[in-house]
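As given, the protein sequences belong to chains A and B, one line each in that order.
Each residue of the first sequence is one higher than the last, beginning at 1 in our numbering.
Each residue of the second sequence is one higher than the last, beginning at 1 in our numbering.
Because the hints were derived from the structure by calculation, they are not lab data.
Warning: the hint list may mix true and false statements.
[Claimed, not checked] In silico DSSO-like cross-links for lysine-lysine, where the CA-CA straight-line distance does not exceed 30 Å:
(1) Lys234/B - Lys137/A
(2) Lys234/B - Lys68/B
(3) Lys63/A - Lys267/A
(4) Lys68/B - Lys160/B
(5) Lys225/A - Lys68/B
(6) Lys75/B - Lys207/B
(7) Lys267/A - Lys234/B
(8) Lys267/A - Lys105/B
[What the hints assert, rightly or not] Listed next, the stretches of chain B that the computed footprint assigns to chain A, with coverage defined by at least 3 CB atoms under 8 Å from CB atoms of chain A:
(9) 101 to 112
(10) 135 to 148
(11) 227 to 241
(12) 253 to 261
(13) 264 to 275
(14) 282 to 292
[As the list claims (entries may be wrong)] Pair ranges (Cβ atoms, derived):
(15) Asn235/A - Gly266/B: 21 to 29 Å
(16) Arg135/A - Arg11/B: 34 to 42 Å
(17) Gln239/A - Gly57/B: 52 to 60 Å
(18) Pro135/B - Gly82/A: 54 to 62 Å
(19) Ile13/A - Gln211/B: 17 to 25 Å
(20) Leu32/A - Gln188/B: 46 to 54 Å
(21) Arg135/A - Glu106/B: 24 to 32 Å
(22) Asn59/A - Gly148/B: 42 to 50 Å
(23) Ile280/B - Arg135/A: 23 to 31 Å
(24) Arg177/A - Ser193/B: 41 to 49 Å
(25) Leu21/A - Ile192/B: 20 to 28 Å
(26) Gly57/B - Lys189/A: 51 to 59 Å
(27) Leu146/B - Ser10/A: 27 to 35 Å
(28) Arg135/A - Pro191/B: 52 to 60 Å
From the three backbone atoms N, C-alpha and C, an ideal C-beta is built for every residue, glycine too.
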Amino acid sequence: MSTSRNRNTSRGINLSRIITLAFVLTTVYPILFVLLTSLKSTDEFYTNVWSYPHHFQWNNYSKALFDAHIGVYFTTSLIIVGISVICILILGALAGYALARLHVPYRNLILFLLLSTTFLPSETVIMPLYIMMSRMKLVGTYLSLIIPYIGWALPITIVIIQRFFVSLPNELIESARMDGCTETQTFRKVMAPLMLPALATCAIFSFVSLWGELLWASIALSMSKVRTIPFGILNFQSQFQTDWGPMAAAIALILIPLMIFFLFTQKYFVQGLTGGAVKG
Amino acid sequence: MKAGSKSKLNRTTTITGIAFLIPAVVMITFAIFIPTIWNFILSFQHWDGGSNRSWVGLDNYKEVFADKTAIISIKHSVYLSVTSTFVAVIVGVVLAVLIYRLGRKEGMVYRLILFIPSMMPLAIIGVLFTFIYNPEMGLLNQFLKLIGADSLATAWLEDKNTVLNAVVFVGIWRIAGLAMMLCFAAMQGIPISLLESSRLDGAGYFKQITQIIIPLIKPIVLLSFIFTLVMQFKTYDLVFVLTKGGPGNFSKTVPLHMIDTAFSFGEYGQSAAMGFLFAIIVTFFILLTNRLLRGESYEY
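So that you can see chain A by itself, here it is in the shape it has in the complex:
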């Protein structure tokens, strides 16, 4: 009786494994395909689509890096997204703390407004924003991306940080105040060190969502030479259409750092998505 049940269970587990593996393969194969193709010459690619490359064609990578400027795009994206994320964290931490712990009037209304903006399709703000930017003569500059990126990522960041501060025990603030700390000192000396994990979550979450932003970048930068990675890859696509090797190398150059980054940070990314909504 009990052995037959065990056999049933292990059969069930194997079935789960097989189905899961099928999905895992569907997910991973396209990515693997690009990595393999990135090392093949065009001739080899046409004769040998499936298997691994026989003659490694590192040339593809230098083509992608230098002819197609993936390196330049990468640096541009890093500067723009890096500055945005730093500003998002500083402004978001201050505002989240204020909404959680300081007596700000209408705070529930403010929180509600912030949350509702996260559901707004960004397409609705694109056009007026473009007009605003062109009147300020900012179109085509780094700032034309940095300013909206900060504004777009702030609401969800503030909400996550606000929830984090609400979950901290009140005694901490009270005792800091008792010891004679001013509000700014309380924030700097007591609260800021405690919030590093929450900040990491927000940093990674906003980094990933801004790193791939295409719509606004392609409009704000359309007249300029500045290119972020997602926008740059489109140029590349039209330029190298049939040249699969360099194209795949470009994708690999973008994906590999992202995957390494992701390996170390995936825990925080999931926390950012749930915004603390998941127990445990």
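Given chain A's structure and the hints, the job is docking chain B onto it.
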């Protein structure tokens, strides 16, 4: 005396609070609130992008409804997001339930891999799938050739019958891992004792899934639905890279048509009206999902 110092404390904290809040509010106002309100106002005006600007009442909205391409784009947007959300979340829940049963380390590896597409930029995913769907050398047609199903091979993105579902598939591919991750995180919060006692009562895994796990993680399933839906409505990047809305208008979605209307045809007011309608449609589907899936949630 005491009351006086307390209210003074309150006043200083309020002032500090407002000071802390102001920089963030300025940025959000600039990047979201002003453009949204401007967009709304613009939807009642005729404007050519220069100095000619006049109030036209509801004309822009009438033009949107008379514009066949606009109506088709709305249909496509709704079809793409609703179908891909529905399938992706179901796949996500199934995967979470399957992986929950496997070993800790093994499951972690699978979860990591399945989650990779969720953090890839959409433009990159788009380029990746132009490789897969390529008519001659694409992975999909090569695979069909390999298993001897040549007759099924087609130019997936140029064929008006397949293009929409080809895009839907990419939408599912890229987001199912996210739904899986959310549901799995929720399942880890379920006390093991609950599952063990039901097993002693003779419940098989399938019964445990339907009667214990799913009801308990229902709030997170709802969250995944809403989350995925909002993300899938933002189809600009993916559709632009994959098809640019073609062939013809067969995969055109609202964001693409809005950008065309404004920046290629200079019809700013009409584009604004479309944007406002789009926001209403997205909100409608969020509320509908919420309505359909709400229900009692259990404490555990």
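Please verify the coverage claim for the stretch 253 to 261 of chain B: does it have three or more residues whose C-beta sits within 8 Å of some C-beta in chain A? Per the Cβ count (4), the hint holds.
Should the hint that Gln239/A and Gly57/B are 52 to 60 Å apart at their CB atoms be regarded as holding? Because 46 Å falls outside the window, the suggested range is violated.
Between Leu146/B and Ser10/A, does the beta-carbon spacing fit 27 to 35 Å? holds (33 Å)
If I claimed the Cβ atoms of Pro135/B and Gly82/A lie 54 to 62 Å apart, would that claim hold in this structure? Since the Cβ atoms of Pro135/B and Gly82/A sit about 40 Å apart, the hinted range of 54 to 62 Å is violated.
Do the alpha carbons of Lys234/B and Lys137/A lie within 30 Å of each other, as the hint requires? holds (28 Å)
Could one say that the CB atoms of Gly57/B and Lys189/A fall in the range 51 to 59 Å? Taking Cβ atoms as reference, Gly57/B and Lys189/A lie about 58 Å apart, which means the hint holds.
Given pair status - Lys234/B, Lys267/A, alpha carbons within 30 Å: Cα-Cα ~25 Å, so holds.
Quick check: does the Cβ-Cβ distance between Arg135/A and Arg11/B fall within 34 to 42 Å? holds (39 Å)
Can you confirm whether the C-alpha distance between Lys75/B and Lys207/B stays at or below 30 Å? violated (38 Å)
Are three or more residues of the stretch 135 to 148 of chain B within 8 Å, CB to CB, of chain A? holds (count 4)
So the hint says 17 to 25 Å: do the beta-carbon atoms of Ile13/A and Gln211/B match that? holds (20 Å)
Check the hint pairing Lys225/A with Lys68/B against an upper bound of 30 Å on the C-alpha distance. violated (36 Å)
When each numbered hint is compared with the structure, violations occur for hints 3, 5, 6, 17, 18, 20, 21, 22.
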